[in-house]
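Using the sequences plus the hints, can you model the full thing?
If you read the sequences in order, they're chains A and B. Here this note's numbering is used: the first sequence runs in plain steps of one and ends on residue 259. Here this note's numbering is used: the second sequence runs in plain steps of one and ends on residue 321.
Note that these hints are calculated values from the structure, not bench results. Note that CB positions come from ideal geometry on N, CA and C, so glycine has one too. The reader is advised that the hints may include incorrect statements.
Which chain A residues stay away from chain B? Per the calculated CB distances, all over 12 Å, these [unchecked claim]:
no.: 1; residue: A68
no.: 2; residue: A81
no.: 3; residue: D110
no.: 4; residue: R185
no.: 5; residue: Y186
no.: 6; residue: D207
no.: 7; residue: E211
Quick partial rundown of chain A residues pointing at chain B, CB under 8 Å, derived from the structure [stated by the list, open to error]:
no.: 8; residue: I96
no.: 9; residue: R124
no.: 10; residue: W221
no.: 11; residue: A229
no.: 12; residue: K248
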Amino acid sequence: MKIAVCVKQVPDTWAEKKLREGDALLDRESADGVMNELDEYAVEEALQLIEAHGGEVVIVSMGPDRAAETVRKALSMGADAGIHVVDDSLAGSDAIATSAVIAKAVEGKDFDLVIFGSESTDARMSVVPAMVAERLGWAQVTFAQKVEVAGGDITIERATENGSDTVTAAMPAVVSVVEKINEPRYPSFKGIMAAKKKPVDTIAVADLGLEAAAVGTGAAWSAVNDFAARPPKAAGTVVTDEGDGGVKVATFLAEQKFI
Amino acid sequence: MAEVLVLVDQVDGAVRKSTTELLTAARALGEPAAVWVGPGISDAAIATLCEFGAVKVYVAGDDELAKHPVAPAAEVLAQLVGEVTPAAVLVPSTADGKETAGRLAVKVGSGIITDAVAVAADGDRIVATQSVFGGSTIVHSTVTHGVPIITVRGNAVAPEAAPASPARVDVTVALSDAAKKATITGHTAAVKGGRPQLTEAQVVVSGGRGVGSADGFGVIEALADSLGAAVGASRAATDAGWYPHQFQVGQTGKTVSPQLYIANGISGAIQHRAGMQTSKTIVVVNKDPEAPIFELADYGVVGDLFTVVPQLTEEIGKRSN
Ligand SMILES: Cc1cc2nc3c(=O)[nH]c(=O)nc-3n(C[C@H](O)[C@H](O)[C@H](O)COP(=O)(O)OP(=O)(O)OC[C@H]3O[C@@H](n4cnc5c(N)ncnc54)[C@H](O)[C@@H]3O)c2cc1C
Ligand SMILES: Cc1cc2nc3c(=O)[nH]c(=O)nc-3n(C[C@H](O)[C@H](O)[C@H](O)COP(=O)(O)OP(=O)(O)OC[C@H]3O[C@@H](n4cnc5c(N)ncnc54)[C@H](O)[C@@H]3O)c2cc1C
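This is the structure:
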């Protein structure tokens with residue numbers, strides 16, 4: 001099997017995230033960049049699939065120069081090669097442009113599966129995998145909490161609002177995973193050393209057959225008009241239970257008209 | 001006035017509350033037109049849509065549409081966008097809703113905004129309000145190309161009735177081959193309780209690792225029932241099997257935004273906060289005064305939940321008699 005895994009570099013999960021004055025883009029410089037957490041689960045799932053069925057895993061990431069660290073991290077977990085789309089024109093891309101770039105980067109390369117995380121921790125849109133499926137015309141099997149591959153078909157358990165659905169499709173297919181699916185491995189020392197020698201293809205927007213004018217802030221089909229920090233919440237009251245903690249909460253709830 | 005298409009969210013034929021919220025929001029932008037995808041629309045469902053102001057109900061009722069995930073709803077909406085050139089398309093911010101909106105945006109060549117907490121007309125443009133980065137930043141944004149496609153977060157807009165008498169319009173859609181590539185072959189229903197739906201509830205009472213066991217959730221449920229609340233859980237509790245997964249609150253669980261959220265034995269990891277931070281009032285019970293969840297608390301008690309919570313439940317019982 002040949003599997004592509006799309007990974008996004010995002011600000012460290014715990015870092016305070018801010019939009020920049022001026023262009024209203026996420027300030028990515030002020031925090032350490034890490035691999036989007038759910039994308040680690042996507043990498044793990046791909047590695048488990050090729051361990052069971054044979055094949056190779058190619059990491060795909062669109063992002064500035066330093067997103068190369070995130071590609072390298074995925075390689076150190078065990079993926080075989082990387083494609084890193086870097087281009088100044090990409091800054092400020094909306095989900096529409098991002099999905100166009102990813103679709104072009106994986107198209108025509110004989111992938112059986114393209115695996116995504118189901119959501120990024122920064123923009124949290126949960127749309128890119130579905131958009132890529134739409135663009136490629138491939139089956140969409142997303143929000144998977146379980147994946148099985150057999151005889152050219154993929155079957156997943158899709159987490160839904162009201163339980164789960166079993167969804168089946170013939171490959172090629174676009175997959176996204178939720179965190180219940182597996183436990184991502186840590187890169188081993190050997191893995192980290194090996195990753196240094198693995199091939200990463202660094203490409204620009206033009207290499208994908210897309211116009212620079214089709215991506216980035218200028219091409220975005222939605223725009224931020226203005227933004228503001230939410231006024232910090234007034235500090236609450238914290239009391240220590242002295243045998244009447246429950247009664248005190250009840251009094252608070254009554255004051256707030258909840259009871 | 002142009003129509004505003006609202007994708008109906010339904011469970012087993014019953015219209016979900018989020019749809020009544022979207023219809024309410026749509027009225028500020030144009031004439032709400034509900035779009036029902038799949039078989040099983042009932043008179044009761046139409047009555048609900050009508051009560052909240054739908055002037056039209058488009059019904060794409062073919063069985064086939066329910067057999068494949070996401071893509072069919074996007075194709076129904078795309079066809080309607082082509083036919084009626086709506087002022088906007090509003091979709092619930094559920095996993096299905098966002099993915100449907102994403103595919104629709106690519107199909108019709110429109111910009112998309114997800115997780116709006118409000119929408120408003122400003123001259124001839126539509127402004128969406130988003131609450132991003134765990135609620136720390138408020139953003140106003142606009143779709144600048146095509147028909148605005150906006151997903152709206154549950155519990156963000158208060159539903160208000162505005163009875164209309166809708167005209168039913170049946171719609172036939174020939175699904176593309178691509179839309180039929182993934183097939184739903186089975187469904188496991190979540191266990192249903194008598195409690196309100198987690199994402200719709202005005203009050204949510206949650207338990208975490210501090211609850212200690214499945215039996216421990218008895219005290220959480222008792223408090224929830226005294227308040228007519230839904231029960232939520234942290235991932236630590238769902239992973240341990242103490243409470244079913246579909247009640248997980250957080251980044252990879254449900255996003256809730258109730259009037260009141262009571263967190264018991266939950267430390268306040270960033271992934272948990274991501275799903276509850278925008279709750280209007282937050283009450284915390286935790287025995288560790290250093291637990292980060294106290295940073296969010298409007299009212300917090302440092303104490304053992306097994307003494308504080310039952311006492312609270314009892315006190316609520318007394319006060320409501
Ligand atoms: C606060 C904020 C709000 C935004 N709001 C909007 C908006 O309303 N509309 C809009 O069109 N854009 C918006 N954007 C831009 C948006 O972040 C980017 O377009 C992004 O590329 C797609 O959104 P996402 O990260 O939420 O993707 P999701 O759909 O949540 O990502 C799912 C998966 O897609 C893959 N993926 C995503 N991005 C990449 C990448 N660059 N490289 C490789 N794989 C990737 C990963 O596997 C990821 O787990 C917003 C950005 C920010 C910071
Ligand atoms: C990709 C990813 C996605 C995730 N998604 C989610 C998600 O959607 N939702 C989620 O919740 N988590 C999620 N997590 C997990 C998250 O990081 C935390 O591990 C989890 O939220 C911890 O749950 P907890 O607060 O119940 O447990 P803990 O962090 O162990 O906290 C338990 C708390 O209970 C208190 N306590 C113990 N006993 C008592 C007692 N008797 N009385 C009062 N207090 C007591 C302790 O002081 C402590 O603060 C995710 C993690 C990852 C990596």
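Original post:
For D207/A, is the shortest beta carbon distance to chain B beyond 12 Å?
Top reply: About 22 Å separates D207/A from the closest Cβ of chain B, which puts it past 12 Å; holds.
Original post:
Taking the closest Cβ pair, is R124/A under 8 Å from chain B?
Top reply: 7 Å, holds
Original post:
With d taken as the least Cβ-Cβ distance between R185/A and chain B, does d exceed 12 Å?
Top reply: Holds: least Cβ distance 18 Å, greater than 12 Å.
Subject >> Agreement of hint I96/A with chain B interface, Cβ distance less than 8 Å >> reply: With a minimum Cβ separation of about 6 Å from chain B (threshold 8 Å), the hint on I96/A holds.
Original post:
Checking the smallest CB distance to chain B, is D110/A really beyond 12 Å?
Top reply: D110/A is indeed farther than 12 Å from all Cβ atoms of chain B, at 18 Å.
Subject >> Verdict on A68/A as a residue remote from chain B, using beta-carbon distances over 12 Å >> reply: At about 25 Å from chain B, A68/A clears the 12 Å cut-off, so the statement holds.
**OP:** Determine whether the non-interface label on E211/A survives the test: each CB of chain B must be over 12 Å from its CB.
**Re:** 15 Å, holds
Subject >> Interface hint compliance - A229/A to chain B, C-beta minimum distance less than 8 Å >> reply: 6 Å, holds
**OP:** Compute the least Cβ-Cβ separation between Y186/A and chain B, then decide whether it is above 12 Å.
**Re:** Its Cβ never comes within 12 Å of chain B, the nearest being 19 Å, so this holds.
Original post:
Any Cβ of chain B at or closer than 12 Å to A81/A, or is the non-interface label fine?
Top reply: 27 Å, holds
Original post:
Minimum Cβ distance from W221/A to chain B below 8 Å?
Top reply: 3 Å, holds
Subject >> chain B contact restraint on K248/A - CB to CB distance below 8 Å >> reply: Cβ of K248/A sits 7 Å from chain B, so the hint holds.
Of the numbered hints listed earlier, not one is contradicted by the structure.
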